[in-house]
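Make the full structure from the sequences, and use the hints.
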Amino acid sequence: MKTILCYGDSNTHGYDPSTGLRYPPHVRWTGVLRGLLGSGFLVIEEGCNGRTTVFTDPEEGWKNGLDYLKPCLNSHKPIDLVILMLGSNDLKRFTRATAADSADGAGKLADVIHEFLTVKQGYAPKILLVAPPQIRPEITESPFRLSFDENASAMSERFAEEFRRVAREKGCFFFDAASVAEASPLDSLHLGLDDHRKLAEALCEKVRELLD
Numbered sequence: 081m082k083t084i085l086c087y088g089d090s091n092t093h094g095y096d097p098s099t100g101l102r103y104p105p106h107v108r109w110t111g112v113l114r115g116l117l118g119s120g121f122l123v124i125e126e127g128c129n130g131r132t133t134v135f136t137d138p139e140e141g142w143k144n145g146l147d148y149l150k151p152c153l154n155s156h157k158p159i160d161l162v163i164l165m166l167g168s169n170d171l172k173r174f175t176r177a178t179a180a181d182s183a184d185g186a187g188k189l190a191d192v193i194h195e196f197l198t199v200k201q202g203y204a205p206k207i208l209l210v211a212p213p214q215i216r217p218e219i220t221e222s223p224f225r226l227s228f229d230e231n232a233s234a235m236s237e238r239f240a241e242e243f244r245r246v247a248r249e250k251g252c253f254f255f256d257a258a259s260v261a262e263a264s265p266l267d268s269l270h271l272g273l274d275d276h277r278k279l280a281e282a283l284c285e286k287v288r289e290l291l292d
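Per our numbering, the sequence shown starts with residue 81, numbered consecutively.
Be aware that one or more of the hints could be misleading.
[Claimed, not checked] The list that follows gives simulated cross-link-like pairs (lysine-lysine, BS3-like), each with its CA atoms no further than 30 Å apart: (1) Lys157 / Lys250; (2) Lys278 / Lys172; (3) Lys206 / Lys150; (4) Lys150 / Lys200; (5) Lys250 / Lys278; (6) Lys150 / Lys172; (7) Lys206 / Lys143; (8) Lys200 / Lys157; (9) Lys250 / Lys143; (10) Lys206 / Lys157; (11) Lys250 / Lys82; (12) Lys200 / Lys82.
Bear in mind the hints are in silico, worked out from the structure with no lab data behind them.
Put into structure tokens, the structure is as follows:
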């Protein structure tokens, strides 16, 4: 059996923009991916609302993705593939980060994954670095408008370019979530039902290329 760890933020957790709660397991892209791949694959969800790559929120510092990464990896090893989709929360007001900063943060996580698991399980897993869905311009009218300013949407348009660069630098595989999915108009940040499925279907093809 192949083990896939999905390490991400609220769009991996399954935040429902219509309710503010969580989509059921079979609806989230991770759950859809699990169903599409079948019994030969173990898909592990590790999504946390508000998680960043390496930036520390002054009010919720425990959401720094770097701090939790090693315990998470050690808990779930052996791991064959890590799907890493973080970055949206890096564009919050408190970080003053750019898309390049976010991608570089993801690159630091990729380094930790490679180095830590090479030691702990005897080999490095493959890493699929996913550029997050773009943030809609209407984020300034969203329930999350206090967290994101008017620059967040334009900055997120550069996610694919910057994450592709880092994937190349770090020897990771790359996928652009925005090529198949987009944030819901309800809050300009989180995926709707159809887009969870679209993302899962696209990632299923990618996973089979990497692990079959």
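field: Hints the structure fails to honour
entry: Nothing - there is no hint that the structure violates, so all of them hold.
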